[in-house]
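> Below, each chain spelled out in residue letters.
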Amino acid sequence: MVLSGADKNNVKGVFAKIGGHAEEYGAETLERMFATYPQTKTYFPHFDLQHGSAQVKGHGKKVAAALVEAANHIDDIAGALSKLSDLHAQKLRVDPVNFKLLGQCFLVVVAIHHPSVLTPEVHASLDKFLCAVGNVLTAKYR
Amino acid sequence: MVHWTAEEKQLITSLWGKVNVEECGAEALARLLIVYPWTQRFFDNFGNLSSPTAIIGNPKVRAHGKKVLTSFGEAVKNLENLKATYAKLSELHCEKLHVDPENFRLLGDILIIVLAAHFTKDFTPACQATWQKLVGVVAHALAYKYH
Numbered sequence: 001m002v003l004s005g006a007d008k009n010n011v012k013g014v015f016a017k018i019g020g021h022a023e024e025y026g027a028e029t030l031e032r033m034f035a036t037y038p039q040t041k042t043y044f045p046h047f048d049l050q051h052g053s054a055q056v057k058g059h060g061k062k063v064a065a066a067l068v069e070a071a072n073h074i075d076d077i078a079g080a081l082s083k084l085s086d087l088h089a090q091k092l093r094v095d096p097v098n099f100k101l102l103g104q105c106f107l108v109v110v111a112i113h114h115p116s117v118l119t120p121e122v123h124a125s126l127d128k129f130l131c132a133v134g135n136v137l138t139a140k141y142r
Numbered sequence: 001m002v003h004w005t006a007e008e009k010q011l012i013t014s015l016w017g018k019v020n021v022e023e024c025g026a027e028a029l030a031r032l033l034i035v036y037p038w039t040q041r042f043f044d045n046f047g048n049l050s051s052p053t054a055i056i057g058n059p060k061v062r063a064h065g066k067k068v069l070t071s072f073g074e075a076v077k078n079l080e081n082l083k084a085t086y087a088k089l090s091e092l093h094c095e096k097l098h099v100d101p102e103n104f105r106l107l108g109d110i111l112i113i114v115l116a117a118h119f120t121k122d123f124t125p126a127c128q129a130t131w132q133k134l135v136g137v138v139a140h141a142l143a144y145k146y147h
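Chains R and P, in that order, are what the protein sequence lines are. Going by the working numbering, the first residue of the first sequence is number 1, and it counts up by one from there. Going by the working numbering, the first residue of the second sequence is number 1, and it counts up by one from there.
Among these hints, one or two may not hold up.
As the list claims (entries may be wrong) - Using C-beta positions, here's what the derived DEER-type ranges look like: (1) R/D75 with P/N81: 50 to 58 Å; (2) P/V2 with R/K140: 35 to 43 Å; (3) P/A87 with R/Q55: 41 to 49 Å; (4) P/N81 with R/Q55: 15 to 23 Å; (5) R/Q55 with P/K121: 22 to 30 Å; (6) R/K41 with P/T5: 12 to 20 Å.
To be verified - Straight-line C-alpha distance at most 25 Å; calculated SDA-like pairs for lysine to any residue: (7) R/K8 with P/S51; (8) P/K133 with P/S51; (9) R/K62 with P/K145; (10) R/K128 with P/T53; (11) P/K18 with P/S50.
Simulated from the structure, these hints should not be mistaken for lab results. Every residue, glycine too, gets a C-beta built ideally from N, C-alpha and C.
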């Protein structure tokens with residue numbers, strides 16, 4: 001699965017529209033993921049996962065920052081997320097299936113806040129991008 | 001057997017009451033074919049699927065999308081009895097249509113995005129969780145008779 005030039009432009013366009021809301025969307029993505037896929041909570045036994053949790057907000061900010069970084073270096077996502085990839089392989093070891101779940105929730109958040117931005121073509125590009133990010137983060141697992 | 005709380009049933013029926021089945025069905029199927037182009041393999045006889053524009057404007061896609069989502073409405077009416085409700089359709093998808101059940105999950109995920117874009121803030125986390133559960137159990141029911 002390769003990101004075309006059009007895909008890259010679509011993704012950059014989405015993140016430009018998201019702008020300063022990225023952190024807020026990161027937190028909302030996590031909240032929705034925990035609500036929709038309760039098994040994802042098993043990776044956060046040390047967190048307060050109630051609505052409005054400062055820990056979820058903080059973590060959402062980190063997740064969003066990584067997505068923004070990947071979008072800003074979309075020609076070399078593996079390079080941009082190399083350290084995060086090491087972290088997920090060696091320490092976090094989040095099962096690969098969970099990246100799809102996070103991706104689905106991020107798409108929902110974008111759909112809610114920017115429905116007109118998420119045309120079918122942009123939806124396809126963003127879905128591909130999120131897959132690519134998940135692939136990079138799990139690339140060193142074995 | 002799937003258990004639905006009173007709250008979940010409320011979230012399902014109240015949202016479904018506001019869904020334009022024809023529009024939503026057409027959009028969901030079109031997006032499935034655009035976002036996951038390999039799903040086009042089941043629709044060789046649908047004519048022009050060569051671009052997102054072609055897919056969105058394709059009358060067979062619209063008609064089939066409406067049919068699919070109308071069938072989904074049966075799930076909403078039969079939440080306590082999904083396996084029985086979809087038994088025949090499950091056999092059909094296995095024996096005649098040869099559709100990998102993974103496609104039901106893909107369509108379910110797409111439907112969630114379409115609902116999110118349509119209902120925006122009203123598509124609360126609780127609503128999303130309930131509907132994601134519903135599309136999952138429908139997918140499961142549709143796969144149940146596979147052999």
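> Now, for every hint given, state plainly whether the structure supports it.
Here is what the structure says about each hint:
1. Take R/D75 and P/N81: their Cβ atoms lie about 52 Å apart, and the range 50 to 58 Å holds.
2. Between P/V2 and R/K140 the beta carbon distance is about 38 Å. The supplied range of 35 to 43 Å therefore holds.
3. Hint check: P/A87 to R/Q55, Cβ distance near 45 Å, so the stated range 41 to 49 Å holds.
4. Distance hint for P/N81 and R/Q55: a CB-CB separation of about 41 Å, inconsistent with the stated range 15 to 23 Å.
5. One distance hint, 22 to 30 Å for the beta-carbon pair R/Q55 and P/K121, holds here, with the actual separation near 24 Å.
6. Separation of R/K41 from P/T5 is about 19 Å and conforms to the stated range, judged on CB atoms against 12 to 20 Å.
7. For a cut-off of 25 Å, the pair hint linking R/K8 to P/S51 stands: about 18 Å separates their Cα positions.
8. Of the pairs offered as hints, the one joining P/K133 and P/S51 is violated, with about 32 Å between alpha carbons and a cut-off of 25 Å exceeded.
9. Distance restraint check for R/K62 and P/K145: the Cα-Cα separation of roughly 43 Å exceeds the 25 Å cut-off, and the hinted pair is therefore not satisfied.
10. Our distance criterion of 25 Å between C-alpha atoms is met by R/K128 and P/T53, whose separation comes to about 19 Å.
11. Annotation: proposed proximity of P/K18 to P/S50 is violated, straight-line Cα distance about 32 Å (limit 25 Å).
The structure fails hints 4, 8, 9, 11 (numbered hints given earlier, in ascending order).
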